[in-house]
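Put together the whole structure using the sequences plus the hints.
Next come the chains, spelled out residue by residue.
2 protein chains.
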Amino acid sequence: MSDIRTQALACRDAATAIAALDNTARRLLLLDMAQAIDSQTDTILAANEKDMAQAAAKGVQGAMLDRLRLDAGRVATIANAVREVADLPDPVGQVTRRDQLPNGLAIERVRIPLGVITMIYEARPNVTADAAALCLKAGNAVILRGGSEALHSNTAIAAALHVALQKHGIPAAAVTLVEDLRRETMVELLQLADIIDLAIPRGGEGLIRFVTEHARVPVIKHYKGVCHLYVDKAADLTLALDLLIDGKTSRPGVCNALETLLVHRDVAAEFLPKAAAALRQRGVELRGDERSREQVPDMAVASEDDYAAEFLDLILAIRVVDSADDAIAHIRRYGSDHTEVIATTDQGTADAFVHALRSAVVMVNASSRFSDGGELGLGSEIGISTTRLHAYGPMGAESLTIERFVVRGDGQVRHPQSRA
Amino acid sequence: MSDIRTQALACRDAATAIAALDNTARRLLLLDMAQAIDSQTDTILAANEKDMAQAAAKGVQGAMLDRLRLDAGRVATIANAVREVADLPDPVGQVTRRDQLPNGLAIERVRIPLGVITMIYEARPNVTADAAALCLKAGNAVILRGGSEALHSNTAIAAALHVALQKHGIPAAAVTLVEDLRRETMVELLQLADIIDLAIPRGGEGLIRFVTEHARVPVIKHYKGVCHLYVDKAADLTLALDLLIDGKTSRPGVCNALETLLVHRDVAAEFLPKAAAALRQRGVELRGDERSREQVPDMAVASEDDYAAEFLDLILAIRVVDSADDAIAHIRRYGSDHTEVIATTDQGTADAFVHALRSAVVMVNASSRFSDGGELGLGSEIGISTTRLHAYGPMGAESLTIERFVVRGDGQVRHPQSRA
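Top line first, the protein sequences correspond to chains E and G.
First residue of the first sequence: 1, per the UniProt record's numbering; consecutive thereafter.
First residue of the second sequence: 1, per the UniProt record's numbering; consecutive thereafter.
Rather than coming from a laboratory, the hints here were simulated on the basis of the structure.
Some hints could be false.
Pair by pair, the computed Cβ-Cβ distance ranges are [as the list claims (entries may be wrong)]: (1) G:Gln100 with E:Val254: 23 to 29 Å; (2) G:Asp3 with E:Asn80: 52 to 58 Å; (3) G:Gln100 with E:Lys50: 43 to 49 Å.
From a predicted model like this one, the values you see are computed outputs, not experimental measurements.
The C-beta atom is built at its ideal place from N, Cα and C for all residues, glycine as well.
Below, the structure written as structure tokens:
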């Protein structure tokens, strides 16, 4: 048997032990994990220094290097995030529906854990603790496959988590960190359909496409967030400008940042020059169609590719549209099903926009930047799904569970002639 | 562009038209579909005769041939099943959760259609109408890929459905029947991840494994139903015998039939001889372990394979166990996560059995044969999932929808410094 299969089987056995814990026990386990992270801060930082030195030697710099970096404050933040997950409401065990059938059968739909979840992710070492905490909170075991650049840091964090698992008598395999980072091993992991219940890839589009192409286990993911703001003719333009600035500039490198602005032709002359000035003042490069360039002549010409792009940068594509229907058609064509925003004071237009678009999150008069598990009240977020299956949009602990059927009877048979 | 991709794109466009219909319109559409099936009975029967003749020429016989056969009564049943789906509660549009956040954001979780669903199935022509009706009821478009042996029948049924679609101004592509039945075309279909939201295979384990191995679109399925009845030491043995006979003999060829009987050692001597007599009287072949053969000496010896088998036939594997925990361990090892039954009067044992097992359906003192969408109150059933993701157990129309987020604000931004 291959090493990765052996590891995965051990994780599945550990999943049974995790699933048997009640919420009190899972909470205490997570609090001890946070404590172990705190008390092993020095070890974690030493490991991180090795990763940083290797990355620097490879020429990694800037934002990439910063994502990898830990310091005492960041380690404390990681531990506190685990504490927050510990205190979330119990996502398992709830009876979500109850029916009593005429034949006397009592049917409950009850939330149970998924089983074994594998997370495939890139540089940030905090994902190791975050993902483990959320999976365990929902009663699952987890197989973590991080990036090679963070291996020392991830190993040190996992070692701290294992201390807490051991204290609670749970096999360390409940949080399995894959140390063999060859691509073929990841492919093998993603094909263990008899062991693994779900794979969640987090990272660049290339990683996510690789996972999707090679997986035989179910995958929940989003490739990218091409989020739109449509400024309707009935928009409050001051409000619309706030949403635009927040959506584009408050954190341009994340998936819920705005990438495209659509403006109704009736308000383009009033809105676009103001918007362009405010955005440029904040360093945003603008790329527009012909009609938006009529309002802001020194704007670059937007290409077809610009409208499909997730810039992850201070760049905005702009188009003037003739109607809300045109905005909807544009979003259907270029969108990524992630998050769309309409700014309008017309309730009918807002409802039509919401109904016509099937993106995971649709905002009316609110910033796309709220499309986030924490901001939408899910507690911590394990990812955002545009898979349109199981979960759609921000995913919290509950998305790591599933409803099953429990049926209680007093001897009901389906065919009465079956009675002895 | 390949033909199948062109067809799938047309289906996706039609999905937008279906999603725009309200429940009243979807209901009328389905009632007209039922009407069209009724009025085209002769055409459908003529097409079915061609399929029957081809199948007979190929040497198909017995149950296989019977599954393919239509007559006027069966066509009427198909039409009536569509009427039943028409009258199901609307599975889309419901607000499943509502939150108001401290910052004033109003968050709704709303059920929307999945989009485009593809059904891959074998001989029974009724699936063509059943699957189309359920997918449309939930606001989805569907791509149907049936078996070659039923192609004439499926084409005639789809033609009837198209008459109703045309009457309602919906593109026929909303119900697309794939007529190119080459395996490579099915593989291509299953890889259209940018178009198709879900594949549901229904048929033999071979077909389902083929679909799972080749799909890049999400797949919900179950391979087989190895359903267990555990007769506890505290069981009402008369009740247990009823469940056993119903589970094993009322329809042995279906996935919710019992395949294995586990009996607590304390009641084996009393229960097994009676059970063996009752089952043999109904033509059931028994295969047991050593301890069950002590009670019923002329029973065949069960192999390891027998305990993992879905016999789909009048054969039952039997084992005597030392405890409920042993029964749980046996089911964990050999089970298929489909449906398990405990017969016991001990509430604590029942609860422990339910909690320890994570099968999709767990029955206490009720027959495994109730593990069916219709019997559990879901209305019509599109399939049964052991995928443990999105849906787990019998799947009705609601499983063909997903919850998304709708957020209404009055200008909330995530970073107050974003205001202009």
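A range of 52 to 58 Å was offered for this pair. Does it hold for the Cβ distance of G:Asp3 and E:Asn80? holds, 56 Å
43 to 49 Å as the expected CB spacing between E:Lys50 and G:Gln100, which holds or is violated: holds, 48 Å
Supplied distance hint 23 to 29 Å, evaluated on CB atoms of G:Gln100 and E:Val254: holds, 25 Å
In the structure shown, no violation is registered for any of the earlier numbered hints.
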